[in-house]
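The hints should help you fit chain B onto chain A, whose structure is shown.
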Amino acid sequence: MIKKTIEIVNKLGMHARPATMIVKAATKYRSDFRIRKEDMEINGKSIMGVMTLAAEFGSELDLIADGPDEEYLIKEIVELFASKFGED
Amino acid sequence: MKTISVKDFFQNRKKEFSLSLITQPETMNKNIISQYLNRPGLAFAGYFERFAYQRIQILGETEISYLQSLSDEDLFNIVKEVLVYDIPCFIVTKGLSIPQQVEFLANEMNIAILSSRLTTDKLYHSLRKYLGEYFALTKTIHGTLVDVFGVGILLTGKSGIGKSECALDLVERGQRLITDDAVKIIIQDECVMGTSTNDYGHFMEVRGIGLIDVAKMFGIQAVRKQKRIDVQIELMPWKDNMDYERIGLSENYVDVLGIKIPIIYLPVSPGKNVSVIIEVVAMNYIMKLYGYDAAKEYTKKLQQDLQKKAKFRNDSLE
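Sequences listed follow chains A and B, in order. Okay, so the first sequence: first residue is 1 according to the working numbering, each after it adds one. Okay, so the second sequence: first residue is 1001 according to the working numbering, each after it adds one.
Pulled out of the complex, with its shape left as it was, chain A reads as follows (with noise of 0.2 Å):
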């Protein structure tokens, strides 16, 4: 199991485009994934789980993977964020 902290840079934060981005991105693999923000950790590959959180610009996110194809699965979706999903 691997976890990594990260933070929202995009200014618009996580609506819908960038939410269905990284659930597609995040099916593709085999491992277990889920996002925890506070107290809330959701399924990282349910669309709605993920746009429940409602991660706003700033906030910060715990990605963590479990299973066969963590490691890839993690370095994808942090470079998503870090994109900021091609916004601003």
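Honestly, the hints are just simulated from the structure, not real lab data. A hint or two may mislead.
Stated by the list, open to error - Partial chain A-side listing against chain B, Cβ under 10 Å, derived:
no.: 1; residue: Ile8
no.: 2; residue: Thr20
no.: 3; residue: Ser31
no.: 4; residue: Ile47
no.: 5; residue: Met51
no.: 6; residue: Ala54
no.: 7; residue: Gly67
Where a beta carbon is used, it is the ideal one built from N, C-alpha and C, also for glycine.
Chain B in isolation, oriented as in the chain A frame:
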């Protein structure tokens, strides 16, 4: 290109348009090649620019009274000039009588003049409708057409994916079947209409059973003859890497004989209740027509929430 001979048109549609023949039967040898009609008033007045001679020419009260107002010589000359064009036929409305010379010349030049008892307006509209349907673009596609809450849904997908079973399930839930397996597509007034390719009734093949008669089995309320196609749903086997729509903010379209209709790619897997999803597609379509888009509504709320929280965070830092 589709055509119909004046003779066939006259014989098949005599009743519908209250037609009778004024000229000799031999004059009905031309073909009708256009779905449009023309009022040749300007041509009779001597203006031949853009004269749509290839269409059926309608002679109403105005044209006839104009022709009657001409001197014999003028009438002869102008009618002769008009009849040089390759006109399929004339139709005189309201059962009006035409000047003797016109009938004589039409016989000479081999152009049929029909007479209709309908008024010009009535004939114009019903004839345009008939010709529009006759000359409409058509195509047959592999699929099943159902009416779900009044929304025409075309189910497509590979053989054996479960289109017929799905239609059967929908019929059992009170929806209506138009046709199974082969759908005849007709373009009418910028709409995609679907109907059966034959008039045998509403038969369907169910794997393992054979043919069933849906109208007899489920009753007449379970079927209908034709329906406008509003949405296409492509049933496909579930694939892990396939990019399925998740939120519904973007829409995909397919081109059906030049008309765009929305398409939904629906993954199916054993045990999944496809019928209820198809009903949801239909209801969602109706709600969008009424101006409510759930995907937009949800994402709007989310965006507002995100902005509020970001502002609050920013304020508390300062």
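Quick rundown of the hints versus the structure:
1. Annotation: interface hint on Ile8 of chain A holds; nearest CB of chain B at approximately 9 Å, less than 10 Å.
2. This hint holds: Thr20 of chain A has a C-beta 5 Å from the nearest C-beta of chain B, less than the 10 Å allowed.
3. Given hint, Ser31 of chain A at the interface with chain B, is violated; its Cβ is 14 Å from that chain's nearest Cβ, farther than 10 Å.
4. Hint status for Ile47 of chain A: holds, given a least beta-carbon distance of 5 Å to chain B, under 10 Å.
5. Below 10 Å, beta-carbon pairs count as interface contacts, and Met51 of chain A has one with chain B at about 6 Å; its hint therefore holds.
6. Proximity of Ala54 of chain A to chain B holds as hinted, the smallest CB-CB distance being about 5 Å (cut-off 10 Å).
7. Interface hint status for Gly67 of chain A: violated, as the beta-carbon distance to the closest one in chain B is roughly 15 Å, over 10 Å.
Checked against the numbered hints above, the structure breaks hints 3, 7 and satisfies the rest.
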